[in-house]
Each structure stands twice: as structure tokens, then as C-alpha cells.
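Line by line, the protein sequences are chains A and B. Just so you know, the numbering used here puts 162 at position 162 of the first sequence, and the rest follows in order with no gaps. Just so you know, the numbering used here puts 92 at position 92 of the second sequence, and the rest follows in order with no gaps.
Each hint should be verified, as a subset may be incorrect.
[As the list claims (entries may be wrong)] Simulated restraints, written as ranges between beta carbons of each label pair:
id : chain 1 : residue 1 : chain 2 : residue 2 : range
1  : B       : Glu255    : A       : Lys233    : 49 to 57 Å
2  : B       : Pro187    : A       : Tyr115    : 31 to 39 Å
3  : B       : Gly246    : A       : Thr21     : 30 to 38 Å
Just so you know, the hints here were simulated from the structure itself, not pulled from any lab data. Since we're looking at a predicted model, the values are computed, not measured. The C-beta atom is built at its ideal place from N, Cα and C for all residues, glycine as well.
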Amino acid sequence: MSRILSTGGAINEAIAIAMRTDPTVILMGEDVAGGGDRSKDGTEEMGGVLGTTRGLVGEFGMNRVRDTPIAEMGLIGTAVGAAATGLRPIAELMFMDFLGTSLDPLLNQASKLRYMFGGKVKVPLTVRTVSGAGMQAAAQHSQSLYWITTGIPGLKTIIPSNPVDAKGLLLAAIRDDDPVIFCEPKGILNQSTEVPEGDYEIPLGKANIVREGSDVSLVAFGATVRIAMKAAKALEGAGTSAEVVDLRSLSPLDEEAILTSLEKTGRMVIIDESTPRCSIARDIAAVCVDKGFDFLQAPVKCVTAPHTPVPFSEVLEQAFLPSAQDVLDSVGQMG
Amino acid sequence: MGFTGPELAEIYRRMRTIRSFEEKLHELVSAGKIGGFMHLYAGQEAIAVGVCAQLTGADIVGSTHRGHGHCIAKGVDVKAMMAELFGRSTGTNRGKGGSMHIADIEKGMLGANGIVGGGIPLVTGAALTAQVLGRENVAVSFFGDGATNQGQFHESLTMAANWELPVVYVCENNGFGEFTPTDFVVPVKDIADRASSYGMRAVIADGMDFFDVYEKAGEAIELARKGEGPTLLECKTYRFYGHYVGDQTPYRNKEEAEDWIQNRDPLDIFETKASEAGVVEPDEFRRIDGEVAALLNEAVEEAEEAPLPSVAEVLTDVYVRYEG
Numbered sequence: 001m002s003r004i005l006s007t008g009g010a011i012n013e014a015i016a017i018a019m020r021t022d023p024t025v026i027l028m029g030e031d032v033a034g035g036g037d038r039s040k041d042g043t044e045e046m047g048g049v050l051g052t053t054r055g056l057v058g059e060f061g062m063n064r065v066r067d068t069p070i071a072e073m074g075l076i077g078t079a080v081g082a083a084a085t086g087l088r089p090i091a092e093l094m095f096m097d098f099l100g101t102s103l104d105p106l107l108n109q110a111s112k113l114r115y116m117f118g119g120k121v122k123v124p125l126t127v128r129t130v131s132g133a134g135m136q137a138a139a140q141h142s143q144s145l146y147w148i149t150t151g152i153p154g155l156k157t158i159i160p161s162n163p164v165d166a167k168g169l170l171l172a173a174i175r176d177d178d179p180v181i182f183c184e185p186k187g188i189l190n191q192s193t194e195v196p197e198g199d200y201e202i203p204l205g206k207a208n209i210v211r212e213g214s215d216v217s218l219v220a221f222g223a224t225v226r227i228a229m230k231a232a233k234a235l236e237g238a239g240t241s242a243e244v245v246d247l248r249s250l251s252p253l254d255e256e257a258i259l260t261s262l263e264k265t266g267r268m269v270i271i272d273e274s275t276p277r278c279s280i281a282r283d284i285a286a287v288c289v290d291k292g293f294d295f296l297q298a299p300v301k302c303v304t305a306p307h308t309p310v311p312f313s314e315v316l317e318q319a320f321l322p323s324a325q326d327v328l329d330s331v332g333q334m335g
Numbered sequence: 001m002g003f004t005g006p007e008l009a010e011i012y013r014r015m016r017t018i019r020s021f022e023e024k025l026h027e028l029v030s031a032g033k034i035g036g037f038m039h040l041y042a043g044q045e046a047i048a049v050g051v052c053a054q055l056t057g058a059d060i061v062g063s064t065h066r067g068h069g070h071c072i073a074k075g076v077d078v079k080a081m082m083a084e085l086f087g088r089s090t091g092t093n094r095g096k097g098g099s100m101h102i103a104d105i106e107k108g109m110l111g112a113n114g115i116v117g118g119g120i121p122l123v124t125g126a127a128l129t130a131q132v133l134g135r136e137n138v139a140v141s142f143f144g145d146g147a148t149n150q151g152q153f154h155e156s157l158t159m160a161a162n163w164e165l166p167v168v169y170v171c172e173n174n175g176f177g178e179f180t181p182t183d184f185v186v187p188v189k190d191i192a193d194r195a196s197s198y199g200m201r202a203v204i205a206d207g208m209d210f211f212d213v214y215e216k217a218g219e220a221i222e223l224a225r226k227g228e229g230p231t232l233l234e235c236k237t238y239r240f241y242g243h244y245v246g247d248q249t250p251y252r253n254k255e256e257a258e259d260w261i262q263n264r265d266p267l268d269i270f271e272t273k274a275s276e277a278g279v280v281e282p283d284e285f286r287r288i289d290g291e292v293a294a295l296l297n298e299a300v301e302e303a304e305e306a307p308l309p310s311v312a313e314v315l316t317d318v319y320v321r322y323e324g
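Could you build all of it, start to finish, from the sequences and the hints given here?
Take a look at the structure:
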């Protein structure tokens, strides 16, 4: 059975399933309950700033669904400590931009404990965080900072492109014994589709071929998968067969899927919503050159945002974001 | 009271401008004419206006995501602010910042801020500049109750107290951090209690009463200016709208909200007290209301007609340009 759910709804369902099946799973973050009937005066909870976690405090209670202060360093650090000592916390970092106020527990603690302690401790932590631009939320609420977490050994970084994947990947992330950063791109949060009921996991570290093709590979993830699909349809009309690879996971990276696709098509475009320097796009380009040089029939192309902060004005924000036209232009330059 | 009629009228005009600006934005955002996240200051006007009335043009303030009131109180041009919110090239930030980043350094406005607590160390740094260069100015940091749980608050106040910086920390305690009641996440009765751990002076003001804020802010600012170090000033207040436009406040007790909004409106309190002083003509307040309404209508019309930024603006104001 399946029914129509938004990405937010699918995430809510995954959390509920994980909490029902494992009493050590807790949810903590700023306003994850969000007010509600604490003083029995008839008030209702908000369930997160975007309403993603609404209803969970009602089912699981305030012991397992915890509103924290607006104190990201303490919130994430506490979740790391809880994860190392017997809980399986889901910590919500409201926007990925708040990595700035929460980084040390991820950079110097969660990612390193297992290694530093000689493999004698696990950190089964999931950090859910809303990433990306497209809501005119401006420079401090719109960044795609997965390149930072991907660059830290010991952290896994996951980014779904649709509601079905969001549910299965989140369940796998929560049950994974390593710390996982789970990005929820703004560009897909309101996207709705049929989502299977029940408990299913999608393995971390495996890419998904969402469209088969033979002339060019479009590697995308999160909100850029939709851009890749749109470009692929336009290319089809022009007689070019594009394959679309949805990475799903940035770390671990499914290099095999990328190189297999490159071997098939000989041409590679990577579409990344973040800024270009030290990006996932250029990291994958390096993999293609390093390990797939003999497959290449044209230079690898990266379609990214420019190396700037995210602007507020809608006209500037739209120009900042990668588009299907940018992908078509890149393919056109390959000859 | 110590104010002349024209001074009281000017103070009222500032408070009314903030209120009407926010009411206008509520309409515009609800109608889909403006995008982005919008946090309104209505209800807290007495604090921004009461504190800024004690400042000079050279003094510096730093603000929060709920920053429109501080901008207006510090003298930022209302029309340029409106144009910014419409994402126009004539905006305070040329359309690149939006509501959470309005700034006007020439007016001593170091910016709204999208990061809770993020403005506190910046303002502390502005006070450091004044101290090192031997300038006369002070710096004032506005922030909410929620920000006092942030590490940046504790780290900044520790340094400011150590160095006796010319800074005043103004906490606007409006009872909610986003949707969560303050008493659920702040383990002390008053935010002012926190100052004792830095050996810092603390004062509590009625944030709905301009005169109380003005007096207590004045004392703190004078001490800072004389080199006697920082003060934490807690102003008790209430947010008349939700956390952002669109928040229907289901988490808020309706009777309590109604009591604050109906009985403790800072504009009503000001008008009553100012009228009792007998130096303002009774119809002066309504005349100002009309002038402010006209100004805001003009601001919206001009913003709607103003040009959008050119797409090339995406790449300006970064230290170096990279081609993606």
C-alpha cells in the first residue's frame, strides 16, 4: 500500500517508525515539539519551524521528543554524548547554515570518537538539517554546506531527492552505527508522491540510476535531480540520450556507479547546488579524471552555484541556482 | 517628565512608524507580494525607540532576525528598507540582504542577523574598536531571550566584562524563543540573573513603557560612555505577532496574548503618559498616524516601481570572482 506524502510527511513517518521500533531512538532540537499543551491550557505544538515533526510529541511524549534551547553547540554535543552511551538520537539542526554554531561536536567529537577510542565506541547519531536555497531565506538560511560534512572523515552525508528515498534513507541513517548528516533540501520538501507504507530502508552509499541513457551522464543529488531530469528530457528532444545518476549519498560515495555510467556515455556533467570551490561537483570531477580518464570523450563539466553567498532578491536567487539551461549549455560545450 | 512637546511627538512618530511598517508587511507577505522569512517587531517598539533615543549618530547598534524596529529607531530610511524587502536595487542592501540582513553602517546600524546570538559578538567588537581607538561612542546589542542560551552570548559578555568595554546588552524578553516559552528553556527566573556570572551590572525594565526603558538605558549608556563597562538590560515585553508571518501561534495561550495586546500596548501606554504631561495637542497623535500611513503607502508604491537588481549583481561584492 502507498499514499501521497510530501517529503516532509515521509520524514515524519520515518521518524515515527524508527521510534516505535527502537526505544533508544529520541528526537531532539529547537522547537521539534514547539510549544504545545505543557500547561494544559489548550495550546497546540508547531512540530518544527516547517512543521515536519508535528504530532510526534503526542505519540512519544516529552521524554523522547525534546525541545532544546536555541543552543546548537550544546544540542548537537549532547546528542553526540547520548549516542556514544546508549541512545540513538535524531538531532535536528534547523537549517544547515547553523553548522556554524554547532560544528565542533561534529568536527572534533562525533566523527572521531570511534577511531580515537580504538573502535570501542559507536556514535549512532543522525543530524537532520534543512539545506539549500529557493525560499528567499537569504544568505544565512539558504546554504548547501554538505561539502563541509562530506570532507570530514567519520561522518556520513546523505541527501534524498524525493519523498520515497527520504523515508528509506532516513530509516537507514537512524539505524546506522555511524554519525550521519541527513540533508533535507528545501527544493524537495513540498514535493509529493506516492510513498510506500511500512518499514523499508534504502542502503547508504548506493547511487540510483533514475534514467538510463547512452550519450551523456548527468550526476545529481538532492534538489538538482529534478534539474537533471528536466535537462535530460530537453536533450532527448534534441537527439541526445542522457543518463541521470542520483547519488543519494555523498559520503560514502558510490564511485562505481559514477564510473560505470561514465564508461557507458563518455561524457560527464555534475550538477551541484552549492558553491564551486571544494565542492562535491569538483570532487567527482577529480574521480572521473583520476579513475575514468580513459572513458572520457570530452572535458568533465560542473554546473554549480557561483562562488558567492546566497542573495535575497528573487531574481538574484534564481540566477544563483543551477538550472536545466545551465546543464544544456554545458552539454553543448562538449561538442 | 523632562520632554518638550515636539520631542514627545517625535518619539511617538518613531514608535508608530515601526508599528505601521510591521502591519504593512504583514499585509504584503500574507498577500504574497513579498517573499522570504519575515519576523515582525510589533509590540516591542518601546525598547528600540527608548534605547536609541539615548544614542548619538556615532553609536553603533546590532540587531536580530526581528530587526526592522531597531533599524527605524536608529534612523535607517524607511523607503530604502521597504525597497530592500521587495528585493529592489534601491534597497538598503541593494536587494541582496532582505529582512534578516538589513544594515546601514552610516547610520550606525551594524545589521539585523539571521543567526540567533550572532550579533552579540559583532557589537562587542564594535565596542572594542571604540575602546582601542579612544572614541566616544558606545555600542548596543539587541537580542532576544533565546539568544542568552547561546555560547556566543556567554563568551561575548565574559570578554566585555573582562575588558570593561563600552557596550550595553539589551535583552528583549518577549516570552518565546520561536514557539517555545522562555521559561521552558531558560533555567533562571530573570535573564538579568545571568549577569552575575560575569560580574556585570544588570537592570530590568518594563519593555512596554518607553519612559522606563529610556531612563534605564540612559544610565547604562552613560556608564559605558564614561568607561565604567557593560550592563545587561533586560526588557520584559511581548511579541504581538507570531515568530514569523504565517505563524498562527497555536502554541500561545490566547487569554494571555489578548491581555498583552489589548491592555499593554506600548503605543497606548506612551500616548496616555505623554498626554498627561499636557505638552502635546490631543489631535497631534492622530495627525502623526496619518502622516506615517501616507509615508508607508509611498514607500510601497516606490518600492514596487523601483528596478530589480541586474543579474550581474550576483557576482559583485565578493572578494574575487570565480567562474563556476
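- [ ] Would you pick out the hints that fail for this structure and give their numbers low to high?
- [x] Those not satisfied: there are none.
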